[in-house]
Amino acid sequence: MYGLKSNNEILLTSLDIFLIFLAFIVAVLFVTILKKIYYRFRLKKRYYIFPRIGVKGIANIAMVVSIAIAAILLLTLITAGFMGVLFRAYPGWRVTIEGILIKIGGLLFGPIIGLFVGICTDLLSVELTAGMFHYGYFLAAMGYGLFSGLVRTAYNVCHGKQVQFVTVASLAVIAILALTIGYIYAQTGDPLTHCFVFEFLSKSFSISKLSLSLVVGGVFGLGLIILWTCMWIYNSSQIIYGFSKMGYWMRYRFKMQRYRHRLMYADDIQGVSDRQLKWYTKISQKEHFASFKLAEKRKNLNAERTNWFSYLAPVLVTVLTCEAIIEIFFLPIFDIQFSAIKYDTWFVLRIIMLVPVALLNTAIIYPVYRIISPSMHYDYRNDIIENISVPLSVN
Numbered sequence: 196m197y198g199l200k201s202n203n204e205i206l207l208t209s210l211d212i213f214l215i216f217l218a219f220i221v222a223v224l225f226v227t228i229l230k231k232i233y234y235r236f237r238l239k240k241r242y243y244i245f246p247r248i249g250v251k252g253i254a255n256i257a258m259v260v261s262i263a264i265a266a267i268l269l270l271t272l273i274t275a276g277f278m279g280v281l282f283r284a285y286p287g288w289r290v291t292i293e294g295i296l297i298k299i300g301g302l303l304f305g306p307i308i309g310l311f312v313g314i315c316t317d318l319l320s321v322e323l324t325a326g327m328f329h330y331g332y333f334l335a336a337m338g339y340g341l342f343s344g345l346v347r348t349a350y351n352v353c354h355g356k357q358v359q360f361v362t363v364a365s366l367a368v369i370a371i372l373a374l375t376i377g378y379i380y381a382q383t384g385d386p387l388t389h390c391f392v393f394e395f396l397s398k399s400f401s402i403s404k405l406s407l408s409l410v411v412g413g414v415f416g417l418g419l420i421i422l423w424t425c426m427w428i429y430n431s432s433q434i435i436y437g438f439s440k441m442g443y444w445m446r447y448r449f450k451m452q453r454y455r456h457r458l459m460y461a462d463d464i465q466g467v468s469d470r471q472l473k474w475y476t477k478i479s480q481k482e483h484f485a486s487f488k489l490a491e492k493r494k495n496l497n498a499e500r501t502n503w504f505s506y507l508a509p510v511l512v513t514v515l516t517c518e519a520i521i522e523i524f525f526l527p528i529f530d531i532q533f534s535a536i537k538y539d540t541w542f543v544l545r546i547i548m549l550v551p552v553a554l555l556n557t558a559i560i561y562p563v564y565r566i567i568s569p570s571m572h573y574d575y576r577n578d579i580i581e582n583i584s585v586p587l588s589v590n
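Last residue of the sequence shown? That's 590 in the numbering used here, and every number before it is there in order.
Please keep in mind that the hints were generated in silico from the structure rather than gathered at the bench.
Please note that the accuracy of each hint is not assured.
[Stated by the list, open to error] Straight-line alpha carbon distances no greater than 30 Å define the calculated DSS-like cross-link-like pairs of lysine-lysine that follow:
(1) K231 with K356
(2) K398 with K230
(3) K398 with K239
(4) K537 with K398
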């Protein structure tokens, strides 16, 4: 493996990334303005681009930002300042770690406030850890909040319908996967082998584009399998209960019809035995009891949905989306500006680290998001949509 040279021409420069990200933000704002017009004239409601946040909303946002900063500082103290030195030498790893809490902010408050959470978190992290500020990592932090907020918006647009959200999310993830694999194969790599050359321990190694594509495809494929499996597990409980309830209802409905028939064709009410009246009353009571059990079961199913799948599905989609766009497209381009390591090495390293980073993000974001979200009792939709009859100001 000696004698290999990395002569890869970077397809996208830092200026290209900046312009693409700026164009994406403009496109999001344009769609939001169209949505505002649609709500105003079609649904007769006001749609606010920036949520009208009260004291409770500001406190919740401040809490998320403070937790992110506290996590960075705690990690620096536990490692006796080693992580602080690493963050100053390679700020991209700081952005990767602080991005975990930024994604939670986007999932909680939507894209606009998620963008704001990313701005505040990155600026405070740089200030309190004496880290290096760079506009590229600043954009990456903003991207974490923006893309995770868009996932939350997509979930709200689907009105919490699992099948609809998972289908739309799967199509989006597959499109991002295809774009990522196309980006990998578009790289020139080594002029002879057309492989990526990376350095490790002063030695040069090569890895094929197919191997990197398999790594990315494996992460995305496993994420989609987990997503659809969890949805199937949740829906299967509803289906099984539906069939059992149908059998329960048909069984007692048949008995009720039989005893009603006996009552109808009896010579007189006195000719009906006490046993028949007892059975008829008993079956009526069981029918009411079955309805009560059905209501309780639906309540438990809704609680079960709220407790795990409604949180797990957006988290998985957020992790897959953000890690592909930010870790593969954004960060390697800015990593080379802070070190003598070449682009190929950073590009390969980011893709290889995609597996542990995705697992770490999911393992942290899911329980934290599941705990924080119900305790906040905050739904940003209530602050961006209101009836047109509500006055804008009160005298």
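Status of each hint after checking the structure:
no., hint, verdict
1, K231 with K356, "holds, 23 Å"
2, K398 with K230, "violated, 54 Å"
3, K398 with K239, "violated, 66 Å"
4, K537 with K398, "holds, 13 Å"
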